[in-house]
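Going line by line, the protein sequences match chains A and B. In this text, residue positions in the first sequence follow my numbering: the first is 1, and each later residue adds one. In this text, residue positions in the second sequence follow my numbering: the first is 1, and each later residue adds one.
Treat the hints loosely; a few may be bogus.
To be verified - Straight-line C-alpha distance at most 35 Å; calculated DSBU-like pairs for lysine-lysine: (1) A:Lys5 <-> A:Lys34; (2) A:Lys93 <-> B:Lys235; (3) B:Lys180 <-> A:Lys93; (4) B:Lys119 <-> A:Lys124; (5) B:Lys48 <-> A:Lys34; (6) A:Lys124 <-> B:Lys235; (7) B:Lys235 <-> A:Lys105; (8) B:Lys107 <-> A:Lys93; (9) B:Lys48 <-> B:Lys20; (10) A:Lys78 <-> B:Lys119; (11) A:Lys93 <-> B:Lys219; (12) B:Lys227 <-> B:Lys195; (13) B:Lys119 <-> B:Lys48; (14) B:Lys48 <-> A:Lys124.
If you are wondering where the hints come from, they were derived from the structure by calculation, not from laboratory data.
Read off the chains here:
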Amino acid sequence: MSTFKEAGHLFRFAGLFVLAFLVFLVVRHFVVPKSFGEYGHYRGAAIGEIAARPVHFAGHAACESCHTDIADTKHAGKHAGVNCEACHGPLAKHADDPTAMTPVKPDTAVLCVRCHAASAARPKDFPQIAADHSNGLACETCHNPHSPGMDATPAAPAKKTASAGGAK
Amino acid sequence: MNLSRRQMLILLPAAAVAWKSVLAGTPESSPNYTMSEHWWGMLIDIPKCIGCGNCVRACQAENDVPDGHFRTWVERYHRSDWEMTREGDVTPNPLIVPEVISPDGGKEGFPAATDESGKYFFVPKMCNHCADSPCTQVCPVGATFISPDGVVLVDQTYCLGCAYCVQACPYGCRYIHPEKQVADKCTLCYHRITKGLTTACCEACPTGARQLVDLKDPKDPIHEFLKTHSVQVLKPQMATGAKVFYNDLDGSVR
């Protein structure tokens, strides 16, 4: 026993280490988030939090579930591959509750030229329109934006907007 | 209780398996989405891009990206005829570089090009969601990571804003959010793809130049496309395992 008595200072020192380790474990328990290390060296719950962010673009499937007539027109024309919100903008609020928000009709003077203004940089086979093409007339006077080919007649809403444009 | 060695050898692994399932916890919140069934990437078809900037605007609207910062942007390249004739030179001339512009990230499109000579093309850029991403490796706190479905994400509640990852990304796809003061980047619209929607940029692209791909889905057309087209990734020499695939990419793109 005498050997242990002489080693008493070593036990006290070891006790200090054990105490420090326990403090470390307690602090770690409160500081490190619960889901840390669930999938890797990060907070696993972060994945769910990022996935829960709000959606702004409803997706064309949501639009087409109600606006079947326009979807049919669009799918028959050259803009079949253009999704609704590519022109109309993010409308998830309208898709969730159609009365909550009424979409604003895009201005074809700004909208169409974004894609179709003539530029040597665009692919050669892409339809491009010179600035003097319409003599200042709005695109939808002649073209139905949902089916822009000239063989298709402009849709009825085009006339409505033409008169609304005149009133402004 | 008296356990034989045989019983012990059976019980121990069983207990280990049970403990593992306890650790795994409850399944994730999206009920119809299993992370292990997906491995996300993107296909960018250069000849289809018309430089309208719809993707940049859509990304900003969907993800609340501050002005002057970009999760995705579009660059316009112009290689002059003179430069292209020199391409066959034996020694590469470092002075021959294409003209690259990206006014406000291409958000409002590009000025009309009048010079008919040479070759123009648009290159949409975004996070490559690398399988061996340099940006996640340098994070000192584990705030950025590759999710089990192959998307590089930032845990903004955990990020310190040290910007190591901004420097580490060889593609320049990260920025420090000016208000939150934390790293921000493309999430591949993780909140959309986990709900079965496509990304905002793909939804808004009028020509189908951008397509979300799931490399773990055997029915995804990407597998056929990769076999039949000349598809490249950016900076392959950096071995980042980039998952944004570019069809018909010009050799001058960096």
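| request: Any hints from earlier that this structure breaks? Give me their numbers in increasing order, please. | output: 1, 2, 5, 7, 9
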